[in-house]
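K.L.:
Listed below are the residues making up each chain.
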Amino acid sequence: MLLQENPVRAHRVRLAGIPVSEVCFGTEHINRSVPEFGAGILEDAARLHGITFWDTDNAYGSQTQVAAALRRFPREEIAITSKTYGRSREEAEYDLTRTLRELETPYLDFFLLHEVAAGTLSEKMPAFAYMLEMQKKGLVRAVGLSTHCAPVISAAADIPEIQVVCAPFNREGSRIEEGSLLDMENALCKAHSKGKGVYVIKVLGKGELTYDIRGALAWALERREFLDAYNLGVANLSEARENLTIFNELAHGEEARA
Amino acid sequence: MKTLVKNGLVITFIHEGYHSIKMKYADVLIEDGAFLDIREEIADSEAEVVDAQGLWVLPGLVDVGSSVAGAVLGNGLLPDYSRARWQGSMLHGRALPLLEIAAEALSDAEKRAVVRFGLEQLLLSGATTVADLTHPAFAPALRAEGEALGLRLLAFPERTANGYPVAEHSGRLLVPERTGGGFAAGDALYSVETTSPEMYAAARASAGPLLVRAAYCESEKQVSRMAFGLSPLGKLDREKLLTGRTVVVGGYDADFFDRERLRTAGATVAMSAVTAMQDGVPFPIVTNLRQDVNTCLNTGYFGLSMLEEMRCAAFGGKLDSNASQFQASDAFYAATIAGAQGLGEPLGRIEPGFAADLLLVDPTRLGPHNYPLIELVYRAESADIVGRMVGGRMLSRSAQDLRKSAQAAQAAAQKAWSLAQRRIL
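Taken in order, these protein sequences are the chains called A and B.
Heads up, the working numbering is the position in the first sequence plus 30, with the first residue counted as 1.
Heads up, the working numbering is the position in the second sequence plus 5, with the first residue counted as 1.
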C-alpha cells in the first residue's frame, strides 16, 4: 500500500519526441552489483518511482544489469540510451550490434556519438551516417551526440539530423572540457531553440556537489526552459529516491501544492 | 590446448577506466595461454571443461615489486614498524642487512625453501603474476620455485653499489631472469644513493620494465637532497630514468612535484598498503590518482597476501581522501590493471587476447553477494579462492602444502636469524 501511494514519481516529458521520465537513471555505478541485484535497483526505480529512462554504454560495464532489468518490463515502457566512441561506420556498427545483443533488445531509443571531443565531430560523421541509416531501419529511434565541449554542442545545433544532445551541466562548470559554463549554457540553449532534445549529465558534478544536492538541482532547474531531461548517476535506490524527492519538490512543488 | 571455464560469474574491468567493471554470467574459452572468447553458452568439444557454476571468475592479481625472500625472512624478526625518520632508509634498516646475512649463510636448498614458502603464500592469496625485487643471491631460487609452482614470475635482481646489499658493484647488467610464466624479467635499481653512474647508464640502455625503489621515506629524501640537490625522483628524472617503463616501488614520500614528474613520464608507482599501515604512514593512492599517476599494489616486508594488500589499500585510500573517492573496486583495479600497465603486459583483465590468468572464488562464505568486489576486498580469505589459473593452466596448491613449506622455510630462516640477532638487531 505504502509503495502504491509513494508520491515520489518522476514526471513524464518528451525528449526528441520520445516519452521519457524527466529524471534519467545514469547506470554507470550499478556495474558493481551482480546483474540480478542491479536489475532489482532499476526495476524498483521504474516501478516505484517512474524512472523509466536509463542511460548506459558499452564502456560502463552496466549493460548486464540493464539487460536483466529490461527483461522485467514490456520493452516499450523503458527508454534506453547507449553510445558509441566510433568514428567509422564499422566501429559504430560494432558498438550498436554489441549493445543490442548485450541488452537483448531489438532497438535503442537513443543512440549517441559518445564524448565527442572538440574538433572531432567532422571525423565522426561516417559513424553518424551509419546511425541515421539504422534509425531508418528501426534499430534506433533517435540519434545525437554527447560531449563535454560547448563548441561541439553549438556545432551540433546546426546539424538538422541531430535530434538529441547531451552534455555535463552543473553550477561549478565541472567536467566541461572546452568552453566556459556560460558557453555551455548558451550552446544548450541554442540547441534547444533549434528543436533538439537536450538532456544533461553531471548535474551533481559526478559526486562533487552531493554536499548540496538541493542547491545543485535548484541551479539546474532554473534553466529548465532549455533542458528536457536530467541524467542523475546513482549507485542505489536510496540515492535515486533522495535526488528525485528534492528534484520534484523544486521542479513541481508549486504544481503539487496548487 | 583449450580450456573452457563454464557457467561462472565473470567479473573484470573491460578497459583501463576505474569505473569500468563488468559482471556477466558467461563462459570463458582459453587457448594457448590466452583468453579467446567470453560469452554465454560457448560449446567446444576439444576443450577441457572447468565447472565454475556458482563461482566468481576473476582476473589473477598482479604483485609488482614484492620482496619475497625479505618478507619471509623478516616475518617475525622485523619490528612493528621499520621506517621511522631517524632510522635511515631501507638501506640501513633491518630487512636488507638480513637478506645479506641470509644470502651468505643459507645453502641453495635453504634459499629455495624460503622462496617457496613466500611464493606459495602469494599464490594462495590470489597473485598469479609476481614481479619480485630480488636479492641476486636469491634469484636462482626464485626462478626454480616460480617454475615449479607455475607462477608468472618476473625476477628483478636489484643492482646496487657502495653498500647493502652487496650485489653487483661493477655496473654490468645482470642477465635477466626468465621463469615459467613466460616473459623476460627486467632491470632494477636499489635506490638513488646506491646507484653508480655506470648503473644509470646500463639501466637507460636496458629494455623492458625498470623497477626502482624511491621516495620510500623522509631520510632517503634528505640523503638524496644532500648528495644531489634533488629528491630521489628528481634524481631519477635527471638521469632520464623516469619513463613509461619505470615502476617506482615506494613513492610514499613523493611530493606534488615528484608526482608531476611521474605523471609527465607516464611512470607507475607500486605501493604496499600493508607496509604503509604497519609503518603508520599515509598511503597516498588517491593523491596519486588525482594527479594522474598510475598506482598499483605490491606486497612489502610485512606479509605476502594480495588480499590483505587490497583490503588495506581500500582502507588507506579512504583515509587518503574521503570514503567516496576510493572503494573496493578501486583496490581491485590497483591489484590488476594498474600493475599490468606498469609491467606493460596484457594481464589483469578477462578479455580476448589477455593472458589467461584467473581466480575462481567460492562466494558461499562471503554471502549475501550483491556486491562481489566489496565482499572480495573486505572479507575474502585465501581459502575462498578455490581455483587458480596461470597461462591457461590450473594450479593446485592447498593450505596443507603451505604448512609443509612453512616448516622448511622456518628451519632455514632460523639459521639466518641466529646470525642476524647478533649483527643487526
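Don't take every hint at face value.
[Said to hold, decoys possible] Covered stretches of chain B, going by a simulated chain A footprint (3 or more residues, C-beta under 8 Å):
{"hint": "1", "stretch": "360–372"}
{"hint": "2", "stretch": "375–386"}
[Unchecked claim] Part of the chain A face toward chain B, derived, beta carbon under 7 Å:
{"hint": "3", "residue": "Glu58"}
{"hint": "4", "residue": "Arg62"}
{"hint": "5", "residue": "Phe67"}
{"hint": "6", "residue": "Gly91"}
{"hint": "7", "residue": "Thr94"}
{"hint": "8", "residue": "His222"}
{"hint": "9", "residue": "Ser223"}
{"hint": "10", "residue": "Gly237"}
{"hint": "11", "residue": "Leu267"}
By construction, these hints were calculated from the structure, which means they are not laboratory data.
Just so it is clear, the structure is predicted and the values come from calculations on it, not from any experiment.
Even glycine gets a Cβ: it sits at the ideal position worked out from N, Cα and C.
K.L.:
Of all the hints given earlier, name the ones this structure violates by number, lowest first.
P.N.:
1, 8, 9 and 11
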